[in-house]
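Given the sequences, and given the hints that come with them, work out the whole structure.
There are 2 protein chains.
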Amino acid sequence: MAGIASTQAAAAGRGEVTEQMRAVARDEGVAVERVAAGLAAGTVVIPANPAHRRLKPVGIGAGLKVKVNVNLGRSHTTSCLTEEVGKVEVALRYGADAVMDLSTGPDIDDVRAAVLDACPVPLGTVPVYQAAEAVTEIADLPEDAFLDVIRRQAEQGVDFMTIHAGVLRAHVPHVKGRLTGIVSRGGALMARWMERNDRENPYFARFDEVLEIAARHDVTLSLGDGLRPGCLHDASDAAQFAELDTLGRLAARCREAGVQVMIEGPGHVPADQIAMNVRRQKEACGGAPFYVLGPIVTDLAPGYDHITGAIGATMAAIAGADFLCYVTPKEHLGLPGLDDVRTGLIAFRIAAHAADVARGLPGARDRDDEMARARFGFDWDRQFALAMDPDRAREYHDLTLPDPQYRTSRFCSMCGPRFCPMRLTRELAEAAPSESKPV
Amino acid sequence: MAGIASTQAAAAGRGEVTEQMRAVARDEGVAVERVAAGLAAGTVVIPANPAHRRLKPVGIGAGLKVKVNVNLGRSHTTSCLTEEVGKVEVALRYGADAVMDLSTGPDIDDVRAAVLDACPVPLGTVPVYQAAEAVTEIADLPEDAFLDVIRRQAEQGVDFMTIHAGVLRAHVPHVKGRLTGIVSRGGALMARWMERNDRENPYFARFDEVLEIAARHDVTLSLGDGLRPGCLHDASDAAQFAELDTLGRLAARCREAGVQVMIEGPGHVPADQIAMNVRRQKEACGGAPFYVLGPIVTDLAPGYDHITGAIGATMAAIAGADFLCYVTPKEHLGLPGLDDVRTGLIAFRIAAHAADVARGLPGARDRDDEMARARFGFDWDRQFALAMDPDRAREYHDLTLPDPQYRTSRFCSMCGPRFCPMRLTRELAEAAPSESKPV
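Taken in order, these protein sequences are the chains called Z and H. Its first residue numbered -2, the first sequence is counted upward by one per residue in the numbering used here. Its first residue numbered -2, the second sequence is counted upward by one per residue in the numbering used here.
In case anyone wonders, no lab produced these hints; they're calculated from the structure. The C-beta atom is built at its ideal place from N, Cα and C for all residues, glycine as well. There could be a bad hint or two in this list.
[Unchecked claim] With a straight-line cut-off of 20 Å between C-alpha atoms, the simulated EDC-like cross-links for lysine to aspartate or glutamate are:
{"#": "1", "chain 1": "H", "residue 1": "LYS173", "chain 2": "H", "residue 2": "GLU152"}
{"#": "2", "chain 1": "Z", "residue 1": "LYS53", "chain 2": "Z", "residue 2": "ASP24"}
{"#": "3", "chain 1": "H", "residue 1": "LYS53", "chain 2": "H", "residue 2": "GLU16"}
{"#": "4", "chain 1": "H", "residue 1": "LYS173", "chain 2": "Z", "residue 2": "GLU424"}
{"#": "5", "chain 1": "Z", "residue 1": "LYS53", "chain 2": "Z", "residue 2": "GLU80"}
{"#": "6", "chain 1": "Z", "residue 1": "LYS173", "chain 2": "H", "residue 2": "GLU427"}
{"#": "7", "chain 1": "H", "residue 1": "LYS173", "chain 2": "Z", "residue 2": "ASP366"}
{"#": "8", "chain 1": "Z", "residue 1": "LYS173", "chain 2": "H", "residue 2": "GLU152"}
{"#": "9", "chain 1": "Z", "residue 1": "LYS53", "chain 2": "Z", "residue 2": "GLU152"}
{"#": "10", "chain 1": "Z", "residue 1": "LYS53", "chain 2": "Z", "residue 2": "GLU16"}
{"#": "11", "chain 1": "Z", "residue 1": "LYS173", "chain 2": "H", "residue 2": "GLU424"}
{"#": "12", "chain 1": "Z", "residue 1": "LYS173", "chain 2": "H", "residue 2": "GLU367"}
{"#": "13", "chain 1": "Z", "residue 1": "LYS53", "chain 2": "Z", "residue 2": "GLU86"}
{"#": "14", "chain 1": "H", "residue 1": "LYS173", "chain 2": "Z", "residue 2": "GLU427"}
{"#": "15", "chain 1": "H", "residue 1": "LYS173", "chain 2": "Z", "residue 2": "GLU367"}
{"#": "16", "chain 1": "Z", "residue 1": "LYS173", "chain 2": "Z", "residue 2": "ASP195"}
{"#": "17", "chain 1": "H", "residue 1": "LYS53", "chain 2": "H", "residue 2": "GLU80"}
{"#": "18", "chain 1": "H", "residue 1": "LYS53", "chain 2": "H", "residue 2": "GLU152"}
[What the hints assert, rightly or not] Pulled from the structure, derived: some chain H residues nowhere near chain Z, Cβ distances all over 10 Å:
{"#": "19", "residue": "ARG90"}
{"#": "20", "residue": "ILE105"}
{"#": "21", "residue": "GLU140"}
{"#": "22", "residue": "ARG182"}
{"#": "23", "residue": "ASN194"}
{"#": "24", "residue": "ARG203"}
{"#": "25", "residue": "ASP269"}
{"#": "26", "residue": "ALA384"}
{"#": "27", "residue": "ARG389"}
{"#": "28", "residue": "PRO430"}
[Unchecked claim] Output of the computed footprint for chain Z on chain H, the stretches with three or more beta carbons under 8 Å from beta carbons of chain Z:
{"#": "29", "stretch": "146 to 155"}
{"#": "30", "stretch": "354 to 361"}
{"#": "31", "stretch": "370 to 377"}
{"#": "32", "stretch": "396 to 406"}
{"#": "33", "stretch": "409 to 415"}
Rendered as structure tokens:
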């Protein structure tokens, strides 16, 4: 089956080199053979649905830079189409590698079409959200509807889809001892459907059909963690790992079918359990790329979960996670607005980059070194240009020293001119770098 | 000498149990014998100058909760006395364990008196900043002046002081290959004084006198890292570790003199070098408490260095750092304002708490579990009360759902009512916790 799939993985398996592989290799500064080998082995994915026009392909997985996803999408209570397109623009401006449209409520198709059109990076969805909109009670949804919506979205050009195929009937009772039960929307919907209908998860039961659609449209499957923990207490429990083992078996079936696959992960995890979680995913899932949501390292900071998440994400990425789903300051409190998208995204770009540096990715620190030189050279404009968020860096600097003369001043308002240690260093015969004396 | 010092460490060494030890033991939920043993061994400090009235003693070190310090203070270009007192109030409101007044410029004594009066937590300073104010050129400062200012501040009630006694003449040339030279204000001032006067660091040369003052007033010495790295490139280099080894020898002299001592640490450090830095400090300094500034894990995020710092601080604290100096969003750009103090402090309280949980400190996760129960119970007011920043959590929640009816609603604007997974879990016969059914 892999031989006939129209996917990047199948092409790599046949020894073909596609333009998407070349684009990724250029972007990453690695040999295209390495990208192809990763695709063939299933340790790398390139979510690139041919129906997504003007897509700039992005590689995710072993040996590549850690990537960051931005979630957006309206909910029943909040937001509208233009606001979601505005979020795409903010996501692109501040460097998102991928975008997921998690819209629920009316007009889902229109929102997605608009987002897809505005979005040159890979776009992901959670199809069950749309499927569930068709009925008042999820349990009334016919099995076919779960598949139909995948097919329609695949035709529309969605590059990767979260499919909660690993939430099995046998896993649900493991949730009983938890403090927060099921916290994945998709996971909760599947659990309810199974219980009310007394049947197995339709995505699991008909996984071959899922694979067929994914193989035809090169949709990368992102196997969702419907039973991820929703608080520190619930982390690394039987429910979570029973699902993970199932996802591992499904990932093997994806590889066999030539379908690209990655695995979604927690969630809320105490910091000392993060590396263990990554190792366990890599072992259970044959090295498939790991896509983590956070993880958040404490439950006590609503309003700051972009920070609790960035801490966990850095540690996860250092341990081997490949793809980070951002968390915004509004997590646990409400739907994010434009500025939350920006803040959450930068927090997670920090996590991704810090991990690239820590993992020793060749050249990862070059830009940091450039920033260090700009700082020591008091080149403020260059510092702003090198910053992950140039607009905010300039804004904060100019709050206290707005006059243009301060763009070349050899101090900032933090230490003031007399106490600037870098200025003092330059005047030390013993310590100043030789090329920097004449300041 | 230790026998006659008026310090918590000396008291513990004599087998005495002070009211400060009892207060710390109560606060931490540990036996007072354990606190006393830590003080006697030098692995714990309680910065508590008897002249600091209404001080609530705080313990820092092995086996205790990780603590967070807030820096404030005016600079030559910016701020005034009332604004700095306002920062103390914000720091206390949002849970700072200690405060450092780093003021430079005019009116330093008045600012410190006002801050000390407003501050029931330990107050720290960097005396060389005030010493330097007396002269236009630091090199003109007589050696005695370095000591006089310590004595005056000790009499005033300062609980801990950063003393850059480890920046030796022989270390300064190691700085030459760096990208950002010396980035510690105190370190740069000492280096300039030594070079211009062709003499050794006065704090080092007259360390016995420093010890005498510290022993008499129970000032905890915080041995400053004047040669800490100012960018990823410069981390873990010869200059940094030469100073650290010197600090280790000075720490041994502190213990011998019955003087409480902690060690300051970097700075800017790639994430993969953080644990090594902590291990090295503990070994070199006989287990003295480690007080880290960040560390920041990338140089690319000016405007977000509370986040780059919180990531590094979490990793440092998990590896054994005891005391975290916060970093604000304005770091590298300007002097922080009130809201920066709040944001930076919460970021570092997250780091400290995440590390307490990860290190398995007994009871550390209890409040997280309470939060999880409040979430699953849709008790929004309880969630706000448990949050590290209740004001911000309530503000963000109310942005999209301001009506009081939503304080008891079984959803938020993120998923909306139909898709709330926790609500769905409660309706699952197989998964709902038995006591939570009737919602």
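**Request:** Hints the structure violates: just list their numbers, smallest first.
**Result:** 1, 5, 8, 17, 22, 25, 26, 27, 28 and 29
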